[in-house]
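Asks: Sequence:
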Amino acid sequence: QFTVDFTMSGVEIDTSVFLGINTESLGNLELGSMLHSKSILPCLFSAIDDAKFTRLSVSVSDMDPPKLSSFVDSGMDHLMSTGAAALFEMYENVLIKAMPNFFEIYVRDLVNNFIDDKLDSYSCPINADVELDEYIDFRDILLPSTEAMIAGGSGDGRHGDVIPWVMNTIEDRLLSVNDEGDLPINVLLASLTGSQSNEGGDLYFPGDLFKKNLDIALNGLNAAIELGMSNLRLSNIDSLGAPVRLFQPIKGESTILNNTASIGVGSEPFRAEFSLLIKGTVDEVEIHNNLVLGLSLENVGMVLEVLAQINESSFLNFPLQDVLNLQCWLATVATPVLNKYGIRVGDPDSGMVLKKIALAVAEARLDMTCVSCSSPLIVEMTTKLGSPEAVDDITAVANMILDYLSSLLGGDFVQSGLDKMLSKAAVRCPHSPSYDQNFPGLKYDELVASETSEDSYEFLIAIIA
870 QFTVDFTMSG VEIDTSVFLG INTESLGNLE LGSMLHSKSI LPCLFSAIDD AKFTRLSVSV
930 SDMDPPKLSS FVDSGMDHLM STGAAALFEM YENVLIKAMP NFFEIYVRDL VNNFIDDKLD
990 SYSCPINADV ELDEYIDFRD ILLPSTEAMI AGGSGDGRHG DVIPWVMNTI EDRLLSVNDE
1050 GDLPINVLLA SLTGSQSNEG GDLYFPGDLF KKNLDIALNG LNAAIELGMS NLRLSNIDSL
1110 GAPVRLFQPI KGESTILNNT ASIGVGSEPF RAEFSLLIKG TVDEVEIHNN LVLGLSLENV
1170 GMVLEVLAQI NESSFLNFPL QDVLNLQCWL ATVATPVLNK YGIRVGDPDS GMVLKKIALA
1230 VAEARLDMTC VSCSSPLIVE MTTKLGSPEA VDDITAVANM ILDYLSSLLG GDFVQSGLDK
1290 MLSKAAVRCP HSPSYDQNFP GLKYDELVAS ETSEDSYEFL IAIIA
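Each position in the sequence shown, counted from 1, maps to that position plus 869 in our numbering.
Derived by calculation from the structure, the hints in this document are not laboratory data.
Values in this document were obtained by computation on a predicted structure and should not be read as measured data.
Yeah, the Cβ is synthetic: ideal placement off N, Cα and C, and Gly gets one too.
Treat each hint with caution, since some may be false.
Computed list of lysine-lysine pairs in DSSO-like fashion (alpha-carbon distance at most 30 Å, straight line) [unchecked claim]:
| # | residue 1 | residue 2 |
| --- | --- | --- |
| 1 | 1081 | 1148 |
| 2 | 907 | 1120 |
| 3 | 1253 | 1148 |
| 4 | 1148 | 1224 |
| 5 | 1224 | 1081 |
| 6 | 1293 | 1312 |
| 7 | 1253 | 1081 |
| 8 | 1209 | 1225 |
| 9 | 921 | 966 |
| 10 | 921 | 907 |
| 11 | 1120 | 1224 |
| 12 | 936 | 907 |
| 13 | 921 | 987 |
| 14 | 1209 | 1289 |
| 15 | 987 | 907 |
| 16 | 1289 | 1225 |
| 17 | 1312 | 1209 |
| 18 | 1209 | 1293 |
| 19 | 1253 | 1080 |
Label-pair restraints from in silico Cβ distances [as the list claims (entries may be wrong)]:
| # | residue 1 | residue 2 | range |
| --- | --- | --- | --- |
| 20 | 1306 | 906 | 31 to 41 Å |
| 21 | 1015 | 1080 | 55 to 65 Å |
| 22 | 1111 | 935 | 54 to 64 Å |
| 23 | 1048 | 1268 | 51 to 61 Å |
| 24 | 986 | 1073 | 52 to 62 Å |
| 25 | 1209 | 1252 | 50 to 60 Å |
| 26 | 1038 | 988 | 24 to 34 Å |
Modelling step: build the complete structure from the supplied sequences, incorporating the hints.
Replies: Right under this line is the structure:
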């Protein structure tokens, strides 16, 4: 055994590769086979029908004589190197000239034959020998084996190491406080929002967002009012504060995920600002109020616990070709039983349920700038909204609204919408046995809605009149 050292300069490589990927085979690869890092390359290679170098040319401008070493002793090394150098001096030009054809013909064929042999040996592992549960245990699929066991999961590693690695990477790179005391995810949010609004941390939606004409008759008071909202700007979206938890399994719970975040943390609060137009006539008196309304929220805490019963077999057999199809993902969730009104009956903790929703704000400030205001009360309000008493009142009202929003999101209305989505997901998923391309949609009997009260307009009339 000996070593040959070559030194070359001016190396140029000219190559082209033909890669024949069977898109059908690639799309039919199952997600369960890709969850183990050691299986990813074999699975991907199994979808390649043909791969070869169609061109492989290597040329050099100069080569130094080779040096041979690792013989019996240094004297033998010197002798062999001297002989090799002498031969090299005789044939250097020939070697340099022949090298492109040598690689183009001999080396290329050698490499292509090796690739053909290797491609025939690749296959994608299947999960036939794995004993499946009815539903995915989030502790086992999202956490490393040791942490999964501590949280109450089996910890058998049946779902591989890819998803735990991804979750740990997100946690370490985005959701953990860095040395400067900042959350890296805020940098990402600033970049993403900046591409939309040209200002990092802001989202801007110019133009009309809402416009409605109201004809009101209340206790002898007649009003015709036009309401309009436009030019919405959301600022300081990149103000998330630790801790941020996304899709966090809960100890003792196999199908519930916790999500926790807070926004408006730091020197700048989360802010929503928009233009508001109120114009019309109230008892033949013309009104015209054009103002900019802003709401600043400091330290808004959010908690969301989601129950999701995902069929383990459907998840592991999920084909890659439908990985971007939302309906197919919904089809993996257990479908609740609904009555003729589309309201679930039976087990309330099945399918997908928003188990716990909590929203709260530490401080809320409302500010108002009149562009042109004809209503005296609105003009007076603009000067008083910044007082400590007003801030306390606005914060209390904001928390009442957030409580109402929490109860609404966790109530029957939103749950019914989720249940209806789950009920029709399978027939809209191409790889589902229930798939129907011409599915017209499910129809339910309508619930009788209560009449809208006009009391909600009284406050508005009092302000703008």
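Asks: Now, for every hint given, state plainly whether the structure supports it.
Replies: Here is what the structure says about each hint:
no.	hint	in the structure
1	1081 / 1148	holds, 11 Å
2	907 / 1120	holds, 29 Å
3	1253 / 1148	holds, 23 Å
4	1148 / 1224	violated, 42 Å
5	1224 / 1081	violated, 35 Å
6	1293 / 1312	holds, 11 Å
7	1253 / 1081	holds, 28 Å
8	1209 / 1225	holds, 27 Å
9	921 / 966	holds, 25 Å
10	921 / 907	holds, 24 Å
11	1120 / 1224	holds, 15 Å
12	936 / 907	violated, 40 Å
13	921 / 987	holds, 12 Å
14	1209 / 1289	holds, 11 Å
15	987 / 907	holds, 16 Å
16	1289 / 1225	holds, 20 Å
17	1312 / 1209	holds, 8 Å
18	1209 / 1293	holds, 14 Å
19	1253 / 1080	holds, 28 Å
20	1306 / 906: 31 to 41 Å	holds, 37 Å
21	1015 / 1080: 55 to 65 Å	holds, 57 Å
22	1111 / 935: 54 to 64 Å	holds, 60 Å
23	1048 / 1268: 51 to 61 Å	violated, 35 Å
24	986 / 1073: 52 to 62 Å	holds, 58 Å
25	1209 / 1252: 50 to 60 Å	holds, 56 Å
26	1038 / 988: 24 to 34 Å	holds, 31 Å
In this structure, the earlier hints numbered 4, 5, 12 and 23 are contradicted, and the remaining ones agree with it.
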